[in-house]
Amino acid sequence: MLLLILKRIGLGLITLFIVSLITFVGVEVLPGDACTTYLEREAYGSALDACIKRLGLDVPAYERYLDWASNVVRGDFGYSLSGEMPINEVLGPRVKNSLVLASVSILIGIPLAIVLGIITALWRDKLPDIMISTITIFSMTIPEFISATLLILIVAIWLGWLPGIVIIPSDATFYELLSNIILPVVAISMIMTAHMARMVRSSVIQVMASDYVQMAILKGVPYWKMVFRHVLPNALLPAINVVALTIAWLLGGVVVTEVVFNYPGLGRLVIESISNRDLPVVQALAIILASIYVGINLIADLMTLMLNPRLKSLQIRK
Amino acid sequence: MNEIIESVKNLSIGFNSQKGKQISILRNVSTNIKKGETVGIVGESGSGKSTLALAMMGYIKQGLFPLKGECLFKSEDLLKMSSRQLEKIRGRKIAMIPQNAGQALTPNLKIGYQIDEALKLHTDLNKTERDKKISELLNKVRLPSPETMAFRYPHELSGGQQQRVAVAMALAGKPDLLLLDEPTTGLDVTTQAHVLELLRFIAKDTGTSMIYVSHDLGAIAQVSDRIVVMYAGEIVLEGPARKILKEPIHPYTYGLLKSIPKLSLAGLPASMPGSQPQPGSINEGCSFYDRCNLANDNCKKNSPDLEHIKELDTNVRCFNYKELLNQNNNLQTSITKKSNNSEANEVLKLKDVSISYAKQKFFDQLLNKISDQNPTVKDINIDIKKGETIALVGESGSGKSTILKSIAGLLKTKDGQIKFEKDRILSSDLKKRNPNDLRAIQLIFQNPDESLNPNHTVEQILSQPLKLYFNLSGDELKKNIIDLLKKVRLGEFYMSRYPRQLSGGEKQRVAVARAFAAKPDIILCDEVTSALDVSVQAAVLNLLQQLKEDLGTTYVFVSHDLAVVRAISDRVAVLYQGRLCEIGPSQNVYKFPSHPYTEVLLGAVLEPDPDIKPKLVAEDIVEEKPPEKGCSFQGRCPRKIGDICNSEVPPWQIGENGNAIRCHINIEELASLQQ
Chain W
1 MLLLILKRIG
11 LGLITLFIVS
21 LITFVGVEVL
31 PGDACTTYLE
41 REAYGSALDA
51 CIKRLGLDVP
61 AYERYLDWAS
71 NVVRGDFGYS
81 LSGEMPINEV
91 LGPRVKNSLV
101 LASVSILIGI
111 PLAIVLGIIT
121 ALWRDKLPDI
131 MISTITIFSM
141 TIPEFISATL
151 LILIVAIWLG
161 WLPGIVIIPS
171 DATFYELLSN
181 IILPVVAISM
191 IMTAHMARMV
201 RSSVIQVMAS
211 DYVQMAILKG
221 VPYWKMVFRH
231 VLPNALLPAI
241 NVVALTIAWL
251 LGGVVVTEVV
261 FNYPGLGRLV
271 IESISNRDLP
281 VVQALAIILA
291 SIYVGINLIA
301 DLMTLMLNPR
311 LKSLQIRK
Chain C
319 MNEIIESVKN
329 LSIGFNSQKG
339 KQISILRNVS
349 TNIKKGETVG
359 IVGESGSGKS
369 TLALAMMGYI
379 KQGLFPLKGE
389 CLFKSEDLLK
399 MSSRQLEKIR
409 GRKIAMIPQN
419 AGQALTPNLK
429 IGYQIDEALK
439 LHTDLNKTER
449 DKKISELLNK
459 VRLPSPETMA
469 FRYPHELSGG
479 QQQRVAVAMA
489 LAGKPDLLLL
499 DEPTTGLDVT
509 TQAHVLELLR
519 FIAKDTGTSM
529 IYVSHDLGAI
539 AQVSDRIVVM
549 YAGEIVLEGP
559 ARKILKEPIH
569 PYTYGLLKSI
579 PKLSLAGLPA
589 SMPGSQPQPG
599 SINEGCSFYD
609 RCNLANDNCK
619 KNSPDLEHIK
629 ELDTNVRCFN
639 YKELLNQNNN
649 LQTSITKKSN
659 NSEANEVLKL
669 KDVSISYAKQ
679 KFFDQLLNKI
689 SDQNPTVKDI
699 NIDIKKGETI
709 ALVGESGSGK
719 STILKSIAGL
729 LKTKDGQIKF
739 EKDRILSSDL
749 KKRNPNDLRA
759 IQLIFQNPDE
769 SLNPNHTVEQ
779 ILSQPLKLYF
789 NLSGDELKKN
799 IIDLLKKVRL
809 GEFYMSRYPR
819 QLSGGEKQRV
829 AVARAFAAKP
839 DIILCDEVTS
849 ALDVSVQAAV
859 LNLLQQLKED
869 LGTTYVFVSH
879 DLAVVRAISD
889 RVAVLYQGRL
899 CEIGPSQNVY
909 KFPSHPYTEV
919 LLGAVLEPDP
929 DIKPKLVAED
939 IVEEKPPEKG
949 CSFQGRCPRK
959 IGDICNSEVP
969 PWQIGENGNA
979 IRCHINIEEL
989 ASLQQ
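First to last, the sequence lines map onto chains W and C. Residues in the first sequence are numbered from 1 upward in steps of one, following my numbering. Residues in the second sequence are numbered from 319 upward in steps of one, following my numbering.
Don't read these hints as lab results, they were simulated from the structure. Heads up, some of the hints might be wrong.
Stretch by stretch, here's where chain W covers chain C in the computed footprint (C-beta under 8 Å, at least three residues) [unchecked claim]:
id, segment
1, 436-449
2, 800-813
So, partial list: chain C residues that the calculated Cβ filter (under 8 Å) puts toward chain W [claimed, not checked]:
id, residue
3, A371
4, Y377
5, I378
6, K398
7, S401
8, Q403
9, P425
10, Y471
11, S746
12, D747
Cβ atoms here follow ideal geometry from the backbone N, Cα and C, with glycine treated the same way.
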C-alpha cells in the first residue's frame with residue numbers, strides 16, 4: 001500500500017516536471033522574450049535592459065529553467081511584470097479568494113448533488129424525479145455566462161437584493177467576501193450540482209438493479225436500511241473521482257464566472273495576466289493549476305482505494 | 319406432513335408491451351408446496367421459472383405485474399401484502415438462496431455483517447449470542463475456519479464458498495421454506511456436487527421445505543421429491559420426481575431428457591427441433607405444437623388443460639400423453655457418430671508447450687523471454703490427427719482455454735512448439751503467422767452474444783471472412799453466404815437479420831457458419847454449448863458433428879461438461895492446473911482405471927436420474943497456483959500415496975485400453991482400487 005502511494009506520488013511529480021518543461025519551452029519559443037512581449041513598443045534602451053536584468057534573461061535558457069524550477073520548488077515563482085512585485089504577493093490573495101469561492105460552492109453543491117441524485121434515483125420516473133431532473137438538465141444546458149448574466153439581471157438589477165458584481169479589493173477579508181459571493185456561488189453550483197446529481201442518479205439506479213440489492217430485499221431488510229447499508233456505499237464510490245475533478249476545476253478558477261462577476265480569483269488572474277502579456281505569471285499559474293489537478297486526483301484515487309475493499313485487499317496481497 | 323405451506327393459484331404475471339398489449343410471462347400457474355418437501359421447478363431459459371419462484375416470495379421484478387391469481391403463504395396472499403408485512407416474512411418464513419452468490423452478496427460488507435443483519439432482523443438474540451450463531455452457521459455450511467471467515471469480504475472467497483455463505487445467510491432466520499434459484503449454476507462440477515450434498519443434508523436436518531429452480535435436470539434429480547416442468551410460462555408436467563425423470567409423459571419433458579448427453583452413452587443426444595416461443599407470440603393451440611412430434615390438428619386449434627392422472631399422481635398438459643405411456647424405455651438412446659479414420663495424418667502437434675501468465679520483468683522484456691519457473695500451463699504434448707475431435711476437459715483454472723488461445727496465436731507460449739501440418743512450426747505470435755495459417759485455424763467462442771457484432775447483419779458477419787480470405791464479392795459472395803447458412807440449417811432470409819433478432823441457438827449457428835466460412839482445417843471450440851439451453855445444445859452438437867463428417871474438419875473442443883465431451887469427442891485430454899493428467903480415446907477415459915482426478919470428476923457428474931448419486935471423493939477446495947514440484951493433483955488427490963506425490967512428477971503409464979495416465983500408482987493397482 002505504501003509502495004503504491006509512493007509510486008503514485010512519483011508519477012504525479014513526473015507529470016508536474018513535464019508540465020513545467022512544456023510551459024517553459026512554450027514561453028521560450030514565442031517570438032521575443034518576456035520583456036519585449038511585456039514592454040511592447042517601449043522595448044528598447046534602458047527600460048528593456050532593466051527588465052532583462054531583473055528577470056535574468058541574459059543567461060542561457062537551460063540555466064534559467066534550472067534557476068526557475070529550483071525557485072518554484074522552494075515556493076518562489078519569480079517577479080510579476082504588470083504588478084511590479086513578486087508573484088507570490090500577487091498570488092496569495094487570489095488563491096485565498098478562489099479557495100473561499102470553491103469551498104463554499106463545494107460545501108453547498110456536493111451534498112445537494114448527492115441528495116438530489118439519490119432522490120431522483122429512488123423515485124425514478126415519479127414526480128420528484130421528473131421535476132428535479134427537468135431542472136438539472138435545464139441548468140446543465142445553459143452556459144454559465146448566460147445563467148450568471150441572468151442572475152445579475154434578476155437578483156441584482158430588478159430585485160436589487162445583492163450586489164451585481166464584486167467590487168472589493170483582492171485582499172478583502174473573509175467576511176467581506178461572503179456577502180459578495182452569493183451570486184457567483186449560485187451560478188457555479190447550478191452547473192456543478194446538476195452534473196453531479198445526474199451522475200449520482202445513474203449510479204444509484206445501477207446499484208438498485210444489482211443482484212445484491214434484490215437479495216437484500218428478499219432477506220427482509222427494511223427499505224431505508226437497505227438504501228443506506230447496501231446501496232449508497234457502493235453507488236457513491238465511483239462518484240469520488242468525479243467530485244475530485246469538480247473540485248480541481250473549481251480551485252483552478254472558474255474563469256468565465258469570475259470574469260462575469262468581476263471576482264478577484266485565480267481564474268480572472270489567468271485572463272488578466274494573459275491580456276497583460278505577463279509571461280512569468282502565466283508560467284506560474286500553469287504550474288500551480290497542474291499541481292492542483294495532480295494533487296486532488298491523487299487524493300481521490302487513494303480514497304477510492306481505501307474505501308473499496310476489493311481494491312484494498314488486492315493491493316495488500318500484492 | 320401433508321400440510322400445505324405455500325399454494326399458488328391461477329397465477330399469471332405479465333407486462334405491457336410497447337403497443338399497449340398485455341403479454342403474459344406466467345400463464346395460469348397453480349401448484350402447492352407441502353411441508354418438508356423439495357419441489358424442483360425445471361425449464362429452459364424464458365420458461366418463467368424464476369418469475370414463478372420470486373412471486374412465491376411476493377417479489378415481482380420491475381416492469382412486471384401480476385395479472386391474476388394469488389400466492390398464498392399459510393393462507394395469506396403475498397401479492398397483496400404491504401412491504402412492511404413482506405419484510406416480516408422474507409428471510410424469516412421464506413428465504414432465498416440466489417443464483418450467483420458472487421453478485422448477490424453486497425461487495426462492501428463483510429460476510430459476518432451480512433449474516434448478522436439477517437439474525438438481527440429475524441431473531442431476538444443479543445450480540446454475543448448472534449456472534450456464536452454466526453460461527454455456528456458458517457460451520458454448518460462447512461466453511462473452513464468459521465471464526466476468521468466472518469471478517470472477510472465476499473470477493474475474498476471462491477465461488478463455492480460464496481454460495482455456502484448465501485446458504486448460511488438464508489438459514490439464519492430459520493425459514494419454513496427455502497427458495498433456491500439455480501444455486502449451483504456456474505460452479506465447477508465437483509463444487510456443485512458438494513453444494514448439492516450440503517443442501518440435501520440441510521433439507522433433511524431442518525425439515526425445511528425447498529423450491530429448487532434450475533435448468534439442469536441433473537441437479538434437480540438429486541434433490542427433488544416432486545418436479546414441476548415449465549414451458550413457455552405454463553406448467554406442462556408435474557409429478558413425483560422418479561416418475562417424471564424415468565417415465566415422462568409429456569412430449570417436451572421426454573424430448574428434454576433425450577437431449578441431455580449422458581456419461582453412460584457414447585454418441586450424440588437426440589435434439590428437439592425449433593425453440594421455445596417468445597412471450598406474446600403464443601397463439602391459440604398448444605404452445606409446444608411447433609416442436610412436437612405427437613401433434614395433430616386438435617393441438618393446433620385447442621390448448622390442452624393441465625389434466626390430473628390419478629394412478630400416476632401426475633398432472634400433464636397434453637392431449638396425446640397416452641402415446642408416450644408405453645414407449646419410455648428408450649430414453650437411453652443416442653445417435654451413433656461416424657468415427658474418424660485412425661490412419662489419418664497428424665494435423666496439429668503440441669510439443670512440450672508451456673504458457674505463463676506471469677508479468678515479464680523488465681530485463682526479461684528486453685531479452686524477450688519469460689522466466690517463470692512455475693508456469694500456468696506446462697509440458698503439454700498432444701498430437702491431433704486430421705478429422706479427429708479432441709476434447710480438453712477440466713474445471714475452471716485447468717488451463718484448457720489457455721491452451722486453446724495459444725493454438726489460435728492469441729497467447730504467446732513460454733516454451734515448446736506448436737506444429738501444423740507436416741511439422742511446420744507455427745509462430746506463437748499472431749502477427750508472424752501467414753494468412754493461410756490464420757485461415758486454417760478458426761475459433762468459435764462460448765457466448766455468441768459477445769462474439770457477434772451487434773451492429774452487423776448476419777450477411778455482414780459472414781461476408782467478412784469470405785472477403786478477407788477469398789476476395790469474394792458480388793453475386794459470388796452472396797451465393798457463398800447462402801451456402802453457409804444452408805450448412806448450418808438457417809434459411810436465406812436470415813441474411814438481413816441482426817444478432818439480437820436471433821435466438822441463442824440461431825446465434826451460435828451463425829458463429830459456427832462464420833468459422834466454417836474460412837474453410838478451416840482446425841476449429842477451436844471454446845465451451846461452445848455451455849451458454850445454450852439443453853435442447854439447443856443437442857442441436858448444435860449434432861450440427862458440429864454433421865459438418866465434420868461432411869467436410870473432414872478437425873475440432874479441438876474445450877468443455878467443463880464431461881457428458882457433452884463424451885458425446886462429441888473421439889479423444890479426451892484431462893487437465894488439472896495446466897498439467898495433463900490423462901489422455902486417451904474417449905470410450906476408455908470414461909472407463910476405469912483412470913487418473914484419480916478423472917475419477918473425482920466422473921464421480922461428481924450429475925445425471926438426470928435419481929438413482930445415480932454423485933460420489934464425492936475429494937474436497938472441493940480451490941487451488942490458486944499449481945504446485946511447484948511433484949504431481950499437479952497432490953493437493954486434492956484422494957489416492958495420494960505419500961511424499962513421492964509431492965516431490966516427483968509422476969510418469970506416464972499406458973493402460974491396456976490405450977489411455978495414458980500420469981500417476982505414481984501402478985495402473986493395475988489403480989484398476990483394482992477403482993473397482
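Against the structure, the hints come out as follows:
For the segment 436-449 of chain C, the assignment as covered by chain W holds, since 3 residues bring a beta-carbon within under 8 Å of that chain's beta-carbons and 3 suffice. Taking a C-beta to C-beta cut-off of 8 Å, the segment 800-813 of chain C contributes 0 residues in contact with chain W, too few for the three needed, and the coverage statement is violated. Taking 8 Å as the C-beta contact cut-off toward chain W, the hint placing A371(C) at the interface is violated, the least distance being around 10 Å. Look at Y377(C): its Cβ gets to within about 6 Å of chain W, closer than 8 Å, so that hint holds up.
Because the smallest distance between the Cβ of I378(C) and any Cβ of chain W comes to about 11 Å, over 8 Å, the interface hint for this residue is violated. Given the 8 Å rule on beta carbons, the hint for K398(C) is violated: about 18 Å separates it from the nearest Cβ of chain W. Given the 8 Å rule on beta carbons, the hint for S401(C) holds: about 7 Å separates it from the nearest Cβ of chain W. Interface restraint check for Q403(C): the shortest CB-CB distance to chain W comes to about 11 Å, outside 8 Å, so the restraint is violated.
Against a cut-off of 8 Å between C-beta atoms, the interface hint on P425(C) holds, since the closest Cβ of chain W lies about 6 Å away. This hint holds: Y471(C) has a C-beta 4 Å from the nearest C-beta of chain W, less than the 8 Å allowed. Hint on S746(C) is violated. Least Cβ distance to chain W is approximately 28 Å, over the 8 Å limit. Interface restraint check: D747(C) against chain W, minimum CB-CB distance 28 Å, threshold 8 Å, status violated.
Checked against the numbered hints above, the structure violates hints 2, 3, 5, 6, 8, 11, 12; every other hint is satisfied.
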